[in-house]
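Chains as they are written, first to last, in this note's numbering: chain A, 538 to 1023; chain B, 15 to 334.
I should point out that these hints are in silico values taken from the structure, not numbers from a laboratory.
Glycine included, every Cβ here is placed at the ideal spot set by N, Cα and C.
Check before you lean on any hint, since a few could be wrong.
[What the hints assert, rightly or not] When the alpha-carbon atoms are kept at most 25 Å apart in a straight line, the in silico DSS-like pairs for lysine-lysine are as follows:
#, chain 1, residue 1, chain 2, residue 2
1, A, 645, B, 334
2, A, 583, B, 102
3, A, 878, A, 678
4, B, 334, A, 578
5, A, 578, A, 937
6, A, 937, A, 678
7, A, 816, A, 853
[Claimed, not checked] Some residues of chain B that are not near chain A, with every Cβ distance over 12 Å (derived):
#, residue
8, 79
9, 99
10, 163
11, 173
12, 190
13, 200
14, 225
15, 288
16, 326
[Said to hold, decoys possible] Below, a sample of chain A positions facing chain B; criterion: calculated Cβ distance under 8 Å:
#, residue
17, 585
18, 633
19, 635
20, 639
21, 651
22, 687
23, 688
24, 797
Below, each chain spelled out in residue letters.
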Amino acid sequence: MVGVIKSVVLVLASLIFAASVASAQNGAPAPRPDDDFSFMKMLSDKGVHDIDNEGWNAYGQFTYISSWKPAFNAPYTNLNGSINSLLPTAERSFTGTATLYLGARLWKGAEAYLVPELITEQPLSQLRGLGGAIQNFELQKGGATVPQVYRSRLFLKQTIGLGGKSNVEESGPLQLGTHYDSRRLVFVAGNFTILDFFDTNAFDIDPRQGFLGLGFMTYAAYDFASDARGYSYGGIAEFHWDDWAVRYGRITPPKQPNQLPVDFRLLKYYGDQTEVEHKHSIHGQEGMVRVLAYRNRENMGRFSDAISAFEADPAKNATTCTTFNYGSNNSTAPDLCWARKANIKEGVGGFVEQYVGHDIGVFARGMYSDGKTEVYAYTSTDRSATVGVLAKGTSWSRPKDLVGVGTNLGWISDIHAKYLGMGGIDGFVGDGAITAAVERSVDLFYSANFQKIYWLSGDYQHITDPGFNAARGPVNVFTVRIHGEF
Amino acid sequence: MASFKSIRGRVWPLLAALSVFGCFVTSADAQQQPSGFAVERFYQSAPGGGWFVMDDLDISGRLGGAISASSGYERNPLVITGPDGKQKLAVVSQEAFLDVGGSVTYDRFRAYVNIPMPLLVTGTSGTLGPYQFTAPYLTLGSSPDTVSDGRLGVDARLFGQPGDLIRLGAGAQLIFPSGNRADYVSDARYRGMFRFLAAGDAGAFRYAGQLGVHVRPLNDAPVPGSPNGNEFLYGISGGRTFAGPSGWAVIAGPEIFGETAFHSFFSGETGTEALLTGRLEQTGTEHNLRIKLGVGHALQQNFGAAQWRIVYGVELFGHK
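Required output: the full structure, derived from the provided sequences and hints.
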């Protein structure tokens, strides 16, 4: 049986390398294993902190990621004044983050979390020219090399037990050590990223140890409502019934696409999502299946409306915008600024993860969004698929090491391609012309643990048809990451 | 083709217009635009410290700690008077904040972190003499995740025991910059505080006080209503305890606190404020609760000492 499973894994890995299919993972921090060093565990070992039933906890992390992109082939760049091309010259990008996770129990079942974070960053090409293949998930829109401190999360979580088995929740970032009923209601309110609760990490792998690509954090086509950093205000309700869970959340969108200011009119503009989750076991190997659907109502432009406005009056082009726009200089192109109004964006996706051996798992996720409207928060991708394999280094006696390979595919809708082909731009892509194609990225990484709390990672990404444009690329990105936890 | 004369006839008006424009531009350039600073001088005591600003030095026991959340609103924390002594400009007319903190105590020592988050900072722009002030506009919508200058601190009870008539202590804080000067929430510089603390209980009465130094590198003098460098800290509080059942008690009394710059000792930009406070607390158990309310008014209204303010908070604290 073990041999069969190993063969399946090898075949899957081969398929991934050969066919460049796709993969995924997530934004919330992962639980800390028992044998990891942490400040909380040190207090517990000294007998001054009950780590299994915590009244408070504090964790932290720092991560530095440096990427280098060699020059690549591009017959044109920022054609006719469009501005969203990935530059074909060699470039370096980096991010540095430091995070403090603070948690406290307020009363029975109530947990409060506060997470201040510091970031400094320099993206490739000002974060332009890539869809879901953005090479570093830490990059934020509007970031700067000058370090910025901000509050990433401040929320209250209330759990109401309904019986069933008593499940252990280990102490970790955004999680007090406690026991939860397997049947329970959970309510969350405040400021958080929706990825703390929806489409959470595959195999509980901390994203800062795993895949680097943005397309592996969640569905690239999941344009969840959030500000430019990826955070939102709102509320979430979860219902857990043993191996099943259903959750619903309503969160705030930004006032303008991909910007920081938030629109708090939750009855007028919002992002709704619902997810159904089921955990299972196949031949003793754990797995999980999730289905997620979202529906956003935001002040966004439809590609067809922007094209119609331009065709009816060419004076309504990308250089004559009188409202929010991305600053394109292409006077022969339509622009979404002429089309923004209350519009709906919808999508549905599925996720599956499955252990196929000791510390080896495969996962896949895919989402179909309607593709009628512009990107408002996450990536320009309208449809996405990802497949990946993750393995811990148990079999080569380095159980804290992590290796993964995955591939991520992204499509845009026909009308989106037409808009880009006319020279239009959205929040991330728009070369001035397009030979529409599937944007593909392959991500291969190895994270080596040392001294228990540090991880040094090497990562290679090969991106084909960047910005959904077959006329440009391919692009290679080489990345080194250092990550520490305490 | 136009003749030279006709061209000259057109040039002179153009030059005249440019001269007028130049004078205007020069005049505009002469206007100095202050960059802003951390207008708040309401530095709350460490989580679990009892009073709003003073510290009751009730630090004892094995490992313990506190978490706190407070919020408040203040009116006119930065009103600048013009050179004529009559014109006034409320550069910051309203400010609201949320402040979250946590502390860890052991025996007589305390370490803490305090993270203030501005919710609203607005005011009125205008010109006073040679200065053109630009009012901040910060709301939760426009800046949904701003953290302003946060504090890391340590305190120690050096003399006396909890409940004694006299308790003495000392504390130090590192204030790390965060947020924008233009929002009047940050000096954009590291700062520090060193304080001598005193507190005591006499029957139903309690008191606390502090004297200290605020190491503040920012000196925007002679801009009116701005920091003048390092400051001297002072404050005193007193109140009466009204004991209730099951360990509950109400403590009510005033706190008076303020700061003055060493460069202009008790003149210039000195700000002093009085806060009438009341707190309901349950103590004596491993998990204690304190709910606080304060209403304040400036005694000497300079930057940070608001015309009036309301502040409220809750603390959970205890020790093994």
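Taking the hints in turn, this is what the structure says about them:
Proximity of residue 645 of chain A to residue 334 of chain B is assessed by CA-CA distance (about 19 Å); at most 25 Å being required, the pair is judged to hold. A C-alpha spacing of about 59 Å is found between residue 583 of chain A and residue 102 of chain B, which places the hinted pair above 25 Å, so the restraint is violated. Taken as a hint, the residue 878 of chain A and residue 678 of chain A pair is honoured in the structure, with Cα atoms around 22 Å apart against an allowance of 25 Å. The suggested pairing of residue 334 of chain B with residue 578 of chain A holds, with an alpha-carbon distance near 18 Å, which does not exceed 25 Å.
For the suggested pair residue 578 of chain A and residue 937 of chain A, the alpha carbons sit about 18 Å apart, so the restraint of at most 25 Å is met. Between residue 937 of chain A and residue 678 of chain A, the direct Cα distance comes to roughly 32 Å. Violation of the 25 Å bound is thereby established for this hinted pair. For a cut-off of 25 Å, the pair hint linking residue 816 of chain A to residue 853 of chain A is broken: about 52 Å separates their Cα positions. With 12 Å as the threshold on Cβ separation, the claim that residue 79 of chain B sits away from chain A is violated: the shortest Cβ distance comes to roughly 7 Å.
The claim that residue 99 of chain B is not at the interface with chain A holds, since no C-beta of that chain comes within 12 Å of its own (minimum 39 Å). Not every C-beta of chain A lies more than 12 Å from that of residue 163 of chain B, the closest at about 10 Å, which undercuts listing it as non-interface. Residue 173 of chain B, annotated as away from the interface, keeps every beta carbon of chain A farther than 12 Å; the closest lies near 26 Å. With a least beta-carbon separation of about 8 Å from chain A, residue 190 of chain B fails to lie farther than 12 Å from that chain, contradicting its non-interface assignment.
Its closest Cβ contact with chain A, about 10 Å, brings residue 200 of chain B to no more than 12 Å, contrary to its assignment away from the interface. The non-interface label for residue 225 of chain B is consistent with chain A: the shortest C-beta to C-beta separation is roughly 30 Å, beyond 12 Å. Chain A leaves residue 288 of chain B outside its interface by the beta-carbon criterion, the shortest separation being 31 Å against a cut-off of 12 Å. Annotated as non-interface, residue 326 of chain B keeps its C-beta farther than 12 Å from every C-beta of chain A; the closest such distance is 16 Å.
Because the smallest distance between the Cβ of residue 585 of chain A and any Cβ of chain B comes to about 4 Å, under 8 Å, the interface hint for this residue holds. Look at residue 633 of chain A: its Cβ only gets to about 16 Å from chain B, farther than 8 Å, so that hint breaks. For the restraint placing residue 635 of chain A at the interface with chain B, the shortest Cβ-Cβ distance is roughly 12 Å, beyond the 8 Å limit, so the hint is violated. The criterion of a C-beta within 8 Å of any C-beta in chain B is met by residue 639 of chain A, whose closest approach is roughly 6 Å, and the hint holds.
Look at residue 651 of chain A: its Cβ gets to within about 5 Å of chain B, closer than 8 Å, so that hint holds up. A cut of 8 Å between beta carbons decides the hint on residue 687 of chain A: the least distance to chain B is about 4 Å, and the hint holds. For residue 688 of chain A, the interface hint holds, the least distance from its beta-carbon to any beta-carbon of chain B being 5 Å, beneath 8 Å. The restraint placing residue 797 of chain A at the interface with chain B holds, with a minimum CB-CB distance near 7 Å, inside the 8 Å limit.
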